[in-house]
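The chain contents come next:
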Amino acid sequence: MTPGSVAIVGAAESSQLGLAPQVSQIQLHADAALNALADCGLGPGDIDGLACAAEWPTEIAHYLGITPTWVDGTMVGGCSFMLHVRHAAAAIAAGLCSTVLITHGESGRSWVGTQAMQINQASLAGQFELPYGVLGAPTMFTIPALRYMKEYGLSHEQLANVAVVQREWAAQNPRATHREPITVEDVLNSRIIAWPFHVLECCLVTDGGGALVLTSAERAQDFPARPVYVLGTGESVETPMISQMADFTSSRAFRVSGARAFAEAGISHADVDHLMLYDAFAHLPIYGLEDLGFVARGEAGAFIWERHTAPGGKLPVNTNGGGLSYMHSGMYGMYALQESVRQLRGTAPAQVPGAEISVCHGVGGMFGASGTVILANQRS
Amino acid sequence: MSINPKTLPRPTPETRHFWEGVRRGELLLQQCEGCTHVYFPPRPFCPGCASREIRVIRASGRATLYSYVINHRLPKWIDAPYAIAVVELEEGPRMMTNIVDTPQTPEALVLDMPLEVVFEPVTADISLPKFRPARGGVR
Ligand SMILES: [Zn+2]
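Chains as they are written, first to last, in this note's numbering: chain A, 1 to 380; chain B, 1 to 139.
Excised from the complex, chain B in its bound form (with noise of 0.2 Å):
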């Protein structure tokens, strides 16, 4: 699927490490210091107990197809239906992703189906962080 350019996250001074390790081929989120709380998208505080104390961790990448919805209505720079969809990452938190390396169909998008990331070059400066059905080379 290709993409069009105004659709393309712009990093802002808090979550620029983020997309940072996408383009190194990893999948951060942050973590608190004191309620151990793992959260994502990133700010620079816990949401859970606003504490300042977080530090970056790196998932391991596993996730659950969580729940997502095949896209019919196209936009002029993609030409077949597609899946948007939320994973659930083993530890906890839930994004929105796309699903590759499989059918874009009901039958082969099944919840809960065990999924990996892999690392999606975009542009130059933007990877997308995507999901694929387990294949167990994740670390």
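Okay, chain A solo, but in the shape it has when bound (with noise of 0.2 Å):
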């Protein structure tokens, strides 16, 4: 894909985000579809080509009364939105559909018209590890966060500070679950959920959706709002296992995604003015800025508390207070990415002044898979 050939020209989030116990998961979607399609004035007839993870391509296609000649179901957790832009840019720019919708919607916290996913105990995952006490993601996710810790020094202050700053980013926005000033005493002394992590470094559990408008640069003044360009994009799958993880310190998937999408932009870290970084858990970030070549290995729990990725650095990162304080339903790519956007359209709450070059990096499963999206507000 030529960079910049295709553009984000409609976006939004559902009506209502953090806790919606009166909606169920199918409507999230069209909630949040309809509202980026008024963001971008079109309507279900408009749209050709059709992306969704947390539901199947054709229930949301009927729900919403759409006829795609071009659909994507790609799911591999969180990161699967990233993957969907991925693939839409390219569908569009071979000329299999023009104008493409990607939807999410998740009761990730009420439960209303889904269902919890079980791991199939015949899998190798649930052979080899269902039987030892897995809980879901908090008990897994966590894992390799210990060897990281011995191998490059990263203490446990630094690991906490983490979600001491993306709170800061939080403050600034209304729609941020939680909004009120934390310490590192405070995460270190808040409720142990899988040691080393307390309860402050791992993600919310809240009900939300989005959806986001694509089609090609050349129609993108068209439409109302900023035209966000696709200047790059990257994917990669590692293992379902993190047991199975080949380097604990280091994420593959991360390593070739972000590698691939930085090349097919054309641009350098020195470009990039705001970066979003899937924080599932506090060491998310972590990994996200080491892997994607912000900063060498082991740098950057320092980083951090070196304030660059915070208010006012050089580096802003998760400036809607991600996972860890604006909200989380299960698979949050989708909200990084409407962050992306709002920045680059000069609309977030916490705006960078000027930003004109975001990165936007996701991760599915437990460093199993990898999205990477990089965007612009000028076509090149």
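Think of the hints as simulated: they come from the structure by calculation, not from any bench. There's no promise every hint is true.
As the list claims (entries may be wrong) - EDC-like mimics (lysine to aspartate or glutamate), calculated; alpha carbons at most 20 Å apart, straight line:
1. A:Lys150 x B:Asp101
2. B:Lys6 x B:Asp79
3. A:Lys314 x A:Glu168
4. B:Lys130 x B:Asp79
5. B:Lys6 x B:Glu26
6. B:Lys130 x B:Glu116
7. A:Lys150 x B:Asp112
8. A:Lys150 x B:Glu107
9. A:Lys314 x A:Asp273
Stated by the list, open to error - Listed next, the stretches of chain B that the computed footprint assigns to chain A, with coverage defined by at least 3 CB atoms under 8 Å from CB atoms of chain A:
10. 49-63
11. 96-106
Yeah, the Cβ is synthetic: ideal placement off N, Cα and C, and Gly gets one too.
Dock chain to chain to rebuild the complex, using the hints, since each chain is given by itself in its own frame.
The structure is reproduced here in structure tokens:
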């Protein structure tokens, strides 16, 4: 794909975010989709490409009244939407469709109209991880962190500080679930979930949705909002088992996806004004900063401690407050993309002055998958 | 720690030998006849070079503690915080397990400490390989 040849022209989150017990999961998809269509002045009849993850595209197409010529049901966990953007950009560039709607909705807290996923006891994860008392992401995604801490000397205080800095961003965001300031001591004194992780180092569990509309850059000026161009993208997967991640201090999927996105966009790290790093847990931004090449291996904890990612820092990261403080319905990637779009439109609550290039990086499963999208508000 | 039947492994044709080995008190790995790669979890071909010429080997049972968490958000069938660990076997592969016969605390569980396998019967058909601090008793 030529950098800048496809643009995001519509973007919105669901009307309710956080706690929405009166809305089912499929309606969260639809509500976000209708908001995103209204944002760009289109209707379901204008959409010929559809992608989604928490529901089947068949469900969403039928529910919204869409007749697609291209569908993508790629489901690799929370970064699925980064992959959808990548696939949609390629599909539009190839002429498979002209206008793509990507939807997400998740009743992750209220569990209305959905049910919990069960690990298949005959899968490799089911046979070789489930018997040892794993209970969802907090007991699996966190396992590599202690190895990282030993290898690089990351302190418990530095890990806790990730949550502290993101709360500073959340304080500026009226929609954030938690906005009151916290200290490193508050984090370390909060309830232990899976040592070394405390509850304030684990993502929220919320309800919500989001949707994006993409089309070719040629048409992008025809819509009311400022276009946000797709400069480069990357994707990869590694393993469905955290115990089989090759390097506990670095994600192969992050490295492959990130390098591909930067190469495709033709930019350097110094060009990046704003960064979203999917933070299901406090160690994720640390791995993200290093595996995407913003800092050297082992340096991210100190980099965040020195306030480079905080408000006023040289590399603003997770400016919506992130999964730790803003919201996290289970698959957070859509909300990271929404914040990148807001920053590049100039409409973010904690706006980075003059932001032109945003990198939005997601994880799926437990370091199992990755998607990276580099966006800009100039076409080249 | 007691067990929830919904978390028991359900062996497949490609993994049954492993679970039968654990029942007998043997920890089984696989090794490629071509490239000599030793790997886990089981599959009837080498994930390194895709050769189907592989053999089953018995692991020494010696390992080191690679990483872990101590889970404090307990399911109904477990009554105290417990470590979910990944160990590195002497032969190279890593596997998830629990560490037994030692306090489930950061002080007792030190990364890279030597461990040895024990086999914990759970049902008539299933035993689980777990690890305890090394006493030098494993073959
Ligand atoms: Zn081989």
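The hints, checked one at a time:
1. A:Lys150 x B:Asp101: 24 Å, violated
2. B:Lys6 x B:Asp79: 18 Å, holds
3. A:Lys314 x A:Glu168: With Cα atoms ~15 Å apart, A:Lys314 and A:Glu168 stay inside 20 Å; holds.
4. B:Lys130 x B:Asp79: Cα-Cα ~19 Å, so holds.
5. B:Lys6 x B:Glu26: 24 Å, violated
6. B:Lys130 x B:Glu116: 8 Å, holds
7. A:Lys150 x B:Asp112: 10 Å, holds
8. A:Lys150 x B:Glu107: 14 Å, holds
9. A:Lys314 x A:Asp273: 8 Å, holds
10. 49-63: violated (count 0)
11. 96-106: Check passed, 4 qualifying residues.
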